[in-house]
Amino acid sequence: MTDDKRQDETTQRDDAALAELLRFSGPRKPVPDDIEARVYARVREAWQETLPAEDGEGRVYHAVRREWQQNAKPRHRRWAAPFALAASVLVALALVLRQAPDVPAPVAVATVVRVAGDAAPAVDSILYAGDRIETGADAGITLRLADAESLRVDAGTTLVIVDRNRFRLDAGRVYADTGDRIYRDRGLVIDTAMGAVTDVGTQFAVAAGVDAVSIAVREGRVDLAHDSVDIVTVAGEHMALERGGVPQISRLAPHDAYWDWVVDLSPGFDIENQSLLDFLRWAARETGRELVFEDTELRLAAMRTDLHGSTGDLAPLDAVESVLATTRFHYRIEDARIVIER
Amino acid sequence: MSDGDTQIGRDRALAREVAGGDAGAFDRFFREYFPRLFRFALARAGDDPALAEEVVQRTMCIVVRKMHSYRGEALLFTWLCQICRNELNAVYRQHGADLRADVPIDDHPAVQAALESMIGEDFRPDSVRHREELAGFVRATLDYLPDNYATALEMKYIHGCTVAEIAHRLGVGDKAAESVLSRARAAFREGFRSLWDREPAALFD
Numbered sequence: 001m002t003d004d005k006r007q008d009e010t011t012q013r014d015d016a017a018l019a020e021l022l023r024f025s026g027p028r029k030p031v032p033d034d035i036e037a038r039v040y041a042r043v044r045e046a047w048q049e050t051l052p053a054e055d056g057e058g059r060v061y062h063a064v065r066r067e068w069q070q071n072a073k074p075r076h077r078r079w080a081a082p083f084a085l086a087a088s089v090l091v092a093l094a095l096v097l098r099q100a101p102d103v104p105a106p107v108a109v110a111t112v113v114r115v116a117g118d119a120a121p122a123v124d125s126i127l128y129a130g131d132r133i134e135t136g137a138d139a140g141i142t143l144r145l146a147d148a149e150s151l152r153v154d155a156g157t158t159l160v161i162v163d164r165n166r167f168r169l170d171a172g173r174v175y176a177d178t179g180d181r182i183y184r185d186r187g188l189v190i191d192t193a194m195g196a197v198t199d200v201g202t203q204f205a206v207a208a209g210v211d212a213v214s215i216a217v218r219e220g221r222v223d224l225a226h227d228s229v230d231i232v233t234v235a236g237e238h239m240a241l242e243r244g245g246v247p248q249i250s251r252l253a254p255h256d257a258y259w260d261w262v263v264d265l266s267p268g269f270d271i272e273n274q275s276l277l278d279f280l281r282w283a284a285r286e287t288g289r290e291l292v293f294e295d296t297e298l299r300l301a302a303m304r305t306d307l308h309g310s311t312g313d314l315a316p317l318d319a320v321e322s323v324l325a326t327t328r329f330h331y332r333i334e335d336a337r338i339v340i341e342r
Numbered sequence: 001m002s003d004g005d006t007q008i009g010r011d012r013a014l015a016r017e018v019a020g021g022d023a024g025a026f027d028r029f030f031r032e033y034f035p036r037l038f039r040f041a042l043a044r045a046g047d048d049p050a051l052a053e054e055v056v057q058r059t060m061c062i063v064v065r066k067m068h069s070y071r072g073e074a075l076l077f078t079w080l081c082q083i084c085r086n087e088l089n090a091v092y093r094q095h096g097a098d099l100r101a102d103v104p105i106d107d108h109p110a111v112q113a114a115l116e117s118m119i120g121e122d123f124r125p126d127s128v129r130h131r132e133e134l135a136g137f138v139r140a141t142l143d144y145l146p147d148n149y150a151t152a153l154e155m156k157y158i159h160g161c162t163v164a165e166i167a168h169r170l171g172v173g174d175k176a177a178e179s180v181l182s183r184a185r186a187a188f189r190e191g192f193r194s195l196w197d198r199e200p201a202a203l204f205d
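Heads up: the protein sequence lines correspond to chains H and L, in order.
The numbering of the first sequence is my numbering, which starts it at 1 and goes up by one.
The numbering of the second sequence is my numbering, which starts it at 1 and goes up by one.
Each statement offered as a hint is correct.
Subject to a maximum C-alpha distance of 20 angstroms in a straight line, what follows is the list of computed EDC-like cross-link-like pairs (lysine to aspartate or glutamate):
| # | chain 1 | residue 1 | chain 2 | residue 2 |
| --- | --- | --- | --- | --- |
| 1 | L | 175 | L | 147 |
| 2 | L | 175 | H | 272 |
| 3 | L | 175 | H | 15 |
| 4 | L | 175 | L | 165 |
| 5 | L | 66 | H | 49 |
| 6 | H | 29 | L | 32 |
A short list of chain L residues far from chain H (calculated; beta carbon distances all over 10 angstroms):
| # | residue |
| --- | --- |
| 7 | 8 |
| 8 | 12 |
| 9 | 74 |
| 10 | 78 |
| 11 | 82 |
| 12 | 146 |
| 13 | 178 |
Derived from the structure by calculation, the hints contain no laboratory data.
Small disclaimer: the values here were computed from a predicted structure and weren't measured.
The C-beta atom is built at its ideal place from N, Cα and C for all residues, glycine as well.
Given the sequences, and given the hints that come with them, work out the whole structure.
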């Protein structure tokens with residue numbers, strides 16, 4: 001008998017023994033769904049209590065801000081929307097590579113994951129420190145940065161990549177989604193002519209021109225360092241500032257139509273092997289809505305449901321419609337919420 | 001082999017993400033460890049689901065609060081089990097009772113060491129002969145394996161599923177499913193051999 005044949009026989013015998021052993025022992029006991037749901041809810045609550053409470057600081061900040069706004073002199077001059085500057089200039093999406101000749105070695109910063117309109121850089125192109133991105137009037141581009149952060153560049157924008165976590169917005173508008181993790185090693189910095197914008201784990205948009213800047217925050221908090229003062233914008237606010245002026249603050253809901261351009265540039269979600277819960281979380285985050293389940297058991301069922309296939313380029317809510325059609329879950333939109341039901 | 005390739009490395013990364021407030025990581029942590037820990041507790045709580053629920057809830061609440069302090073000295077599951085034992089002791093003390101005398105097989109220090117050694121080290125144990133203990137040991141071995149390994153073994157050998165069905169359940173291709181099965185068999189066999197000092201096949205001679 002050859003060694004190979006002997007090995008095959010040993011493997012088969014071993015396999016049969018393994019089967020017998022496992023059948024003898026029987027399957028592991030499943031955990032009752034109601035117990036799992038109760039424990040999940042309580043453990044999650046305990047976990048959430050360990051996370052830093054932003055609310056306290058936010059409450060103080062809002063109280064101070066209300067006081068300040070009541071006393072501040074209102075300004076009547078509106079600043080020109082900077083992202084309108086480029087609308088008349090550029091038609092095609094253009095990428096001018098590596099403008100800085102003295103960069104010693106190219107530092108890869110971002111990958112192009114979506115292009116809307118005329119597409120100069122193809123999807124999957126790598127962008128480097130020193131690259132300049134210019135988008136035309138009907139174009140837009142979505143980048144994936146390190147740590148899976150997303151940066152979307154609206155039409156009519158000029159953006160220079162300074163470094164891995166630093167960009168310079170010369171004109172136009174960008175949106176950053178730096179994830180929902182509370183702790184990060186570093187923030188994303190967007191330099192504008194009016195100061196540096198730094199995020200604190202958030203989703204936000206910055207529009208900038210030579211003499212004006214505006215910041216809209218969907219989630220978290222963003223600081224603008226301007227004339228030695230930090231101007232803070234928090235979730236649900238839009239802040240506009242002209243040179244020599246004072247910040248003008250207004251409310252802006254995370255699912256307001258203002259954010260539609262951001263949704264149009266959504267990088268999409270690869271559902272293959274992902275849980276339904278993760279997919280729904282993504283859709284909710286993309287659309288600025290809260291994800292709500294009818295009850296904890298339904299949430300756990302979504303967590304246990306694995307997805308396969310692709311949603312292609314569908315917009316987030318269209319993708320939700322399409323994916324849920326293949327499951328026993330249903331949903332409804334209630335203004336600021338996506339409600340998942342049976 | 002990088003840190004992320006080992007179970008300890010993956011445990012460290014998961015703990016970091018949970019401690020960092022990542023909701024997705026919390027759900028992965030719960031999905032991976034709750035069923036295993038519940039079965040672990042149930043076996044030690046006289047098959048009383050209410051008691052197991054209470055103990056597991058207390059355990060997991062403690063662990064998520066202490067997650068930032070996890071440094072990977074032991075597997076995350078081992079850490080959970082240790083805290084679970086302490087909590088079970090505390091519950092029994094509160095109720096004025098002693099822990100069950102018939103300690104489950106995987107509470108034996110040698111067995112614990114062998115179960116952990118499935119991911120690498122040699123161990124020569126005391127042997128256990130009782131059939132029920134054998135069944136309990138097999139199920140505990142499955143719980144110590146990565147979840148996809150245990151699922152693949154159960155599907156193939158208990159439920160008689162095809163490789164294609166296993167691949168579908170695991171969300172991988174057929175080739176990858178075969179590879180998972182192969183590694184699962186090797187890991188299971190290794191744990192078994194360490195404890196019983198013989199191959200599974202020898203039991204049926």
